[in-house]
Amino acid sequence: GNSVTQMEGPVTLSEEAFLTINCTYTATGYPSLFWYVQYPGEGLQLLLKATKADDKGSNKGFEATYRKETTSFHLEKGSVQVSDSAVYFCALSAFSGGYNKLIFGAGTRLAVHP
Amino acid sequence: DTGVSQDPRHKITKRGQNVTFRCDPISEHNRLYWYRQTLGQGPEFLTYFQNEAQLEKSRLLSDRFSAERPKGSFSTLEIQRTEQGDSAMYLCASSPTGGSLRGSTDTQYFGPGTRLTVL
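Chains as they are written, first to last, in this note's numbering: chain P, 1 to 114; chain W, 1 to 119.
Chain P with its partners taken away, still in its complex shape (with noise of 0.2 Å):
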């Protein structure tokens, strides 16, 4: 079946520091690929995504590469802030049935501090 696993967190890091969570995943076919981060007490915000092998999907600083050989989808950073801090989520969308259901990781806290 369809899975996503991703590191244990929480993440502490300091100001400016780099940033890597790692994402694998297991699927059949083709699936998406994306990352969503959740500020405490709010939903669940797109934060990039990734359609096919070798796509590198960015955005605010945030990068990550769909790797197919590898399975994985992990997410970077060159220099994160305190603003940075949030959960972040690592999914895939299989197509099933006509539509895309979305599979979560459990999710890596990340704490930045200055």
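Hints listed in this document are in silico derivations from the structure and should not be mistaken for laboratory results. Each residue gets a CB set at the ideal place from its N, CA and C atoms; glycine is no exception. Everything hinted at is true.
The calculated lysine to any residue pairs, modelled on SDA-like cross-linking and capped at a C-alpha distance of 20 Å, are:
1) Lys57(W) x Ser3(P)
2) Lys71(W) x Gln54(W)
3) Lys101(P) x Pro96(W)
4) Lys60(P) x Thr107(W)
5) Lys101(P) x Gln41(W)
6) Lys101(P) x Phe45(W)
7) Lys101(P) x Asn51(W)
8) Lys101(P) x Lys57(W)
9) Lys101(P) x Arg69(W)
10) Lys52(P) x Asp106(W)
11) Lys101(P) x Asn30(W)
12) Lys101(P) x Glu44(W)
13) Lys101(P) x Glu56(W)
14) Lys101(P) x Ala53(W)
15) Lys11(W) x Glu42(P)
16) Lys101(P) x Leu60(W)
17) Lys101(P) x Thr107(W)
From the structure, some residues in chain W lie toward chain P, with a derived Cβ separation under 10 Å:
18) Val4
19) Gln6
20) Arg9
21) Tyr35
22) Gln37
23) Gly40
24) Gln41
25) Gly42
26) Pro43
27) Tyr48
28) Cys92
29) Gln108
30) Phe110
31) Gly111
32) Pro112
33) Gly113
Following the hints, complete the assembly by docking chain W onto the known chain P.
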């Protein structure tokens, strides 16, 4: 366009009571989804609507749960005889079906969620 909205944002209820949540999707989005998120976990799919038709229900959706989308616009999720295990964040999302200026067909846009606490 203000995005997906949900009401209420927070609900505290006693065990055994019924609760109803509302979701207003982005206008012209035909597809609507409900998810449940428990503490420390990612969202889990509950149900899906294409216009007013409910096309899939997860096994997570017991008989105490019912969802409707009567005119293909807003949707409601009702939980009858709530239990403490129902405490969670209930998220609604929508997406368009065809080419649309209101988003990509493979992307779901989420509302802020309704946090339910059952005492």
